[in-house]
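Novice: Spelled out from the first residue to the last, the chains are:
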Amino acid sequence: MNGVHDMGGMHGFGKVEPEPNEPVFHAAWEGRVLAMQRAMSYTGAWNIDMSRAAQEGLPAHVYLGVSYYKRWALGMEQNLIGKGLVGADELAAGRALHPATPLQRKMTAADIGAALTRGKYGRVATAPARFVIGARVRAKNIHPITHTRLPRYVRGHVGVIERIQGCHVFPDTVATGAGENPQWLYTVVFDGRDLWGEGSDSTVKVSIEAFEPYLEAA
Amino acid sequence: MSDHEHDHGHGSELSEMQLRVRALETILTEKGYIDPAALDLIIEAYETKIGPHNGARAVAKAWVDPGFKQRLLDDATRAVAELGHVSRVGDHLIAVENTPRRHNMIVCTLCSCYPWEVLGLPPVWYKSAPYRSRAVSDPRGVLADFGVTLPADTEIRVWDSTAETRFMVLPMRPDGTDGWSEERLAALVTRNSMIGTGLPKRADEATA
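Chains as they are written, first to last, in my numbering: chain A, 1 to 218; chain B, 1 to 208.
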């Protein structure tokens, strides 16, 4: 979706402000949110793209107006309600009111090693890659209203295939529950001038990781 | 371990969030979806074990061991796994090399993708709108925000992490460090130098 989360190239957000000696968490609840998110992902209740989609679906002013981990918490609440795992009445009450829904598994202290390892997203290819390294490709001018990982700032622009990263789970379908639908993944490099116009910095090159359905031959 | 009831007074939003998050954890625990003891261990790991010192070890080794450097650039997942990290390394980790002609910078314009295994959790600025919006369109301006100026003819290559591939920068070894041990070199490798918004410390900036 063309949401405010898709920020590449936007103006008006000001300077980057690094924080000296930044703590890992700024409040203890941030750590609980992160850990709950990991633990719920481990149950198989939803996948990483469903988490992203839930956050992207927040109203724009909410997305921009809350802290990072509050956004995670709001997204998690949306998924819990959406998957029927927790009722809105339970969130309001602050305690369980209804029976639990059975989940595939539960993360315990013994699972922590596996839980801290990032998931695997590579899949066996069912068809050869359509593009070769060095090929010129155009990022399609598409505007899906559901989750996608094709940022707006490259749409319609021509780049070059630099790397072929294998065949990966396709976010656009796995986010909606329509399946992993593995697709070839490429590193596509764009010239900064093509993206940002005459007068922009000629030394800049920008790459995205692009799934094959995002691309067409150019 | 459960010290999450002792937030300091950061204002009403945090107090509200403290309550809201505690309620959420209560519900998920009562329903049997999560085990609070497992949450404690995850938090402990990110607070004490998984951080940029892991990535710094890989960088320092690459600086002294050409074979390791090649393996790191060929397949960073396998190469970093050789080091025996606390956190196992996920698939699709990619190291990109800075050279006198090219400087690399990592961003996730769509959310906050970041190589957790080697750098820990991302800092707030990495996840913020100013960085996500400008890293791809004005990387030299972003570098200026960090006090970094590069030669005008250096290529700036920005990697937008739009899939499950994860990137880390292999910065250039600082001058004047010939003969240094890996351990001593690792102390020069800053987190930001592995994101591309900074450079390693100079030899004369080394601490102890």
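Calculated directly from the structure, the hints in this document are not laboratory data. Quick caveat: nothing in here was measured; it's all calculated off a predicted structure. Glycine is no exception: its CB is placed at the ideal position from the N, C-alpha and C atoms. Be aware that one or more of the hints could be misleading.
What the hints assert, rightly or not - Simulated pairs of lysine-lysine, DSS-like, Cα-Cα distance not exceeding 25 Å:
hint, chain 1, residue 1, chain 2, residue 2
1, B, K201, A, K120
2, B, K31, B, K127
3, B, K31, A, K83
4, A, K106, B, K127
5, B, K31, A, K15
6, A, K15, B, K49
7, A, K70, B, K201
8, B, K31, A, K70
9, B, K31, A, K106
Unchecked claim - Selected chain B positions facing chain A (in silico; Cβ < 10 Å):
hint, residue
10, A38
11, W116
12, W159
Novice: Are the Cα atoms of A:K15 and B:K49 separated by 25 Å or less?
Specialist: Not satisfied, since the Cα-Cα distance of roughly 31 Å exceeds 25 Å.
Novice: Just to be careful, I want the Cα atoms of A:K106 and B:K127 compared with a cutoff of 25 Å; is the pair within it?
Specialist: Violated. A:K106 to B:K127 sits at ~29 Å, over the 25 Å cutoff.
Novice: Please verify whether B:K201 and A:K120 have alpha carbons no more than 25 Å apart.
Specialist: violated (34 Å)
Novice: Was the hint right that B:W116 lines chain A, CB cutoff 10 Å?
Specialist: Status holds, d = 7 Å.
Novice: If you draw a straight line from the CA of B:K31 to the CA of A:K15, is it 25 Å or shorter?
Specialist: Roughly 44 Å separates the two Cα atoms, so the pair is violated.
Novice: Take the C-alpha atoms of B:K31 and A:K70, compute the straight-line distance between them, and say whether it is at most 25 Å.
Specialist: Judged against 25 Å, a Cα distance of about 22 Å means the pair holds.
Novice: Given the proposed pairing of A:K70 with B:K201, does the C-alpha separation stay at or below 25 Å?
Specialist: violated (34 Å)
Novice: Holds or violated: are the alpha carbons of B:K31 and A:K83 at most 25 Å from each other?
Specialist: With a Cα-Cα distance of about 14 Å, the restraint between B:K31 and A:K83 holds, given a limit of 25 Å.
Novice: Quick one, is the B:W159 hint okay against chain A at 10 Å, beta carbons?
Specialist: Because about 5 Å separates B:W159 from the closest Cβ in chain A, which is inside the 10 Å limit, the hint holds.
Novice: Under the criterion that the straight-line Cα-Cα distance not exceed 25 Å, is the pair B:K31, A:K106 satisfied?
Specialist: holds (11 Å)
Novice: Going by Cβ atoms only, is B:A38 closer than 10 Å to chain A?
Specialist: holds (5 Å)
Novice: Between B:K31 and B:K127, does the CA-CA distance stay at or below 25 Å?
Specialist: With Cα atoms ~32 Å apart, B:K31 and B:K127 exceed 25 Å; violated.
Hint violations for this structure: numbers 1, 2, 4, 5, 6, 7, all remaining hints satisfied.
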